[in-house]
Each structure stands twice: as C-alpha cells, then as structure tokens.
Amino acid sequence: MKKSIVRKGLFFAVVMALQIHTMPVSAGLQKYQNQIDEVVMLINQERAAQGLAPLQEAAALNDAANIRANELTTYYNHKRPDGAKCFTVLVENGIDYMAAGENIAYGFATPEDVMSAWMASTEGHRENILSEDFDAVGVGVAYVNGVYYWEQMFTGESGLSPLYTIGNFNGDEEPNAKDAGTLLINAAAIGAGNAPVLNELQLSYADINGDSRADSADSAMLLEYAAYRGAGGSDTLETYFHLS
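So our numbering is basically just the index in the sequence shown, starting at one, shifted up by 10.
Just so you know, the hints here were simulated from the structure itself, not pulled from any lab data.
Given the structure is predicted, the values throughout are model-derived calculations rather than measurements.
Be careful, since some hints might not be right.
The calculated lysine-lysine pairs, modelled on DSS-like cross-linking and capped at a C-alpha distance of 27 Å, are [said to hold, decoys possible]:
1. K89 x K41
2. K41 x K95
3. K41 x K188
Here are the computed distance ranges between Cβ atoms for each label pair [said to hold, decoys possible]:
4. A187 x L62: 32 to 40 Å
5. G201 x N87: 33 to 41 Å
6. Y86 x T249: 46 to 54 Å
7. N87 x G203: 26 to 34 Å
8. A119 x I195: 39 to 47 Å
Glycine is no exception: its CB is placed at the ideal position from the N, C-alpha and C atoms.
From just these sequences and the hints, can you work out the full model?
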C-alpha cells in the first residue's frame, strides 16, 4: 500500500526595482495575524542575532503577501497564476519600493517550522531574511486541504507605515481609546482564565510605560493621550509622555 505524504517546499527570488506608486496602509487584523506576527518576531530575532536592524511589519505588505499566499495554493511558483512576476502584486497594490524580495514555502505547520527551514536553506531564503537592503516585511498565510502555504514579501526604502507602533497595537495607525479598550478586554480575558486577545508582538507595543507589563496603567496612559489629541494636541505619544 502506497503511503501518501505532504511534501514541504521552498522557493526563493529577489530583485531590485523602482516603482512610483503610493497607497495608504490598510488597517485591521487578518485571519492568521498571530502566525504572521510570530513570523515577524522570529525574523527580527534572527536579525538581532546578527546585529541588524529589525524589519517593520507593514499592513500594506501583509495585504500583498496574503494575495500571494493564496495564489501559491493553486500555482506554487514565483510567477503568478497569470504568468506575471511575483512583484507585480506590489505595483498593483500601489506599493513604492527600491528593493524587493520574496520567500515562499508550503507544508510547514508552524511559524517556527517554516522559519527554521528558510534559515537552513542554501537557496537564498536566509539571505533575504538577513538582507540589509530591506526595511519592511509582509507575511501571508493560506491553509488549503490541510496544507499551510507561507509567503514573505520584503521591501527596501518603501516608505510604508508600520502596522504597530508604541501604543498602537490594533493596526489602525494611531494610539487611541480603541487601543485602551482592547488592552482592558485583554486583561479581562486573562483574568477570566480565557485566551488573551493580544499576541506577544502586540503586547510588546502595549507596554507604554516600559515596566514589562501591558496592563491598566498603560490603558490609562492611552486614555489620557486620546483626550489630549481630542482637545487638539499634536504631539506624538512618545513626545507627550517623554518616552525615550
């Protein structure tokens, strides 16, 4: 009797190019946001170990990477199903960049598994992850017929806004009362013995006062800042609270 297995695959590409489009960063969390954020954390852990600056997770790149991840489920290639190059997804989504790279993979069940495979690869995946040409990354995940498909889309000098900033951990571009409410909901969920609402990466941006906890004190700071902004204040959250 023949034993069927799920094969695991990796594929690599990188190009240098200049495009001249701009696009507002989209907001909101995606279905696989926890896995996406974990991949980004693992990328930046690898970069930190080499003394490299972290890559910013960008909502617009996540959107483009999500399109590519879903395309991989029917056509596993650096070309798109219509035969176009993979980076046309950036142009179509109005993303401006000077350098771009793509890593793809399938069959790996967790962010740790796929990142380990990319880092062990001799086909350029590791070089993409550790490249100094890039400053932003988007991650896409698709799950079809029991198989995960993974996408990393890197850009350099793209001018994209990061998905998260200090105090903004719900992906809407600005620290505000919504973030404060989300943090309180997260605390309530944990207090009730339920799963947290926020993942580890989001919680790192929720710790505004730097005490290694994301709690009601941080929520109070967000509410104070929201009131200040509502009254016409223009300082950033970092400037308002004199954060280093």
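Results of checking the hints against the structure:
1. Straight-line distance between C-alpha atoms of K89 and K41 comes to about 25 Å, which keeps the hinted pair within the 27 Å bound.
2. Only pairs whose Cα atoms come within 27 Å are accepted, and K41 paired with K95 is accepted, the gap being roughly 26 Å.
3. The suggested pairing of K41 with K188 holds, with an alpha-carbon distance near 20 Å, which does not exceed 27 Å.
4. At about 36 Å, the beta-carbon gap between A187 and L62 stays in the expected band of 32 to 40 Å.
5. Roughly 48 Å separates the CB atoms of G201 and N87, a value that falls outside the hinted 33 to 41 Å.
6. Distance hint for Y86 and T249: a CB-CB separation of about 47 Å, consistent with the stated range 46 to 54 Å.
7. In this structure the supplied range 26 to 34 Å is violated for N87 paired with G203, their Cβ-Cβ distance being about 46 Å.
8. Look at A119 against I195: about 29 Å separates their beta carbons, and that is not inside 39 to 47 Å.
Checked against the numbered hints above, the structure breaks hints 5, 7 and 8 and satisfies the rest.
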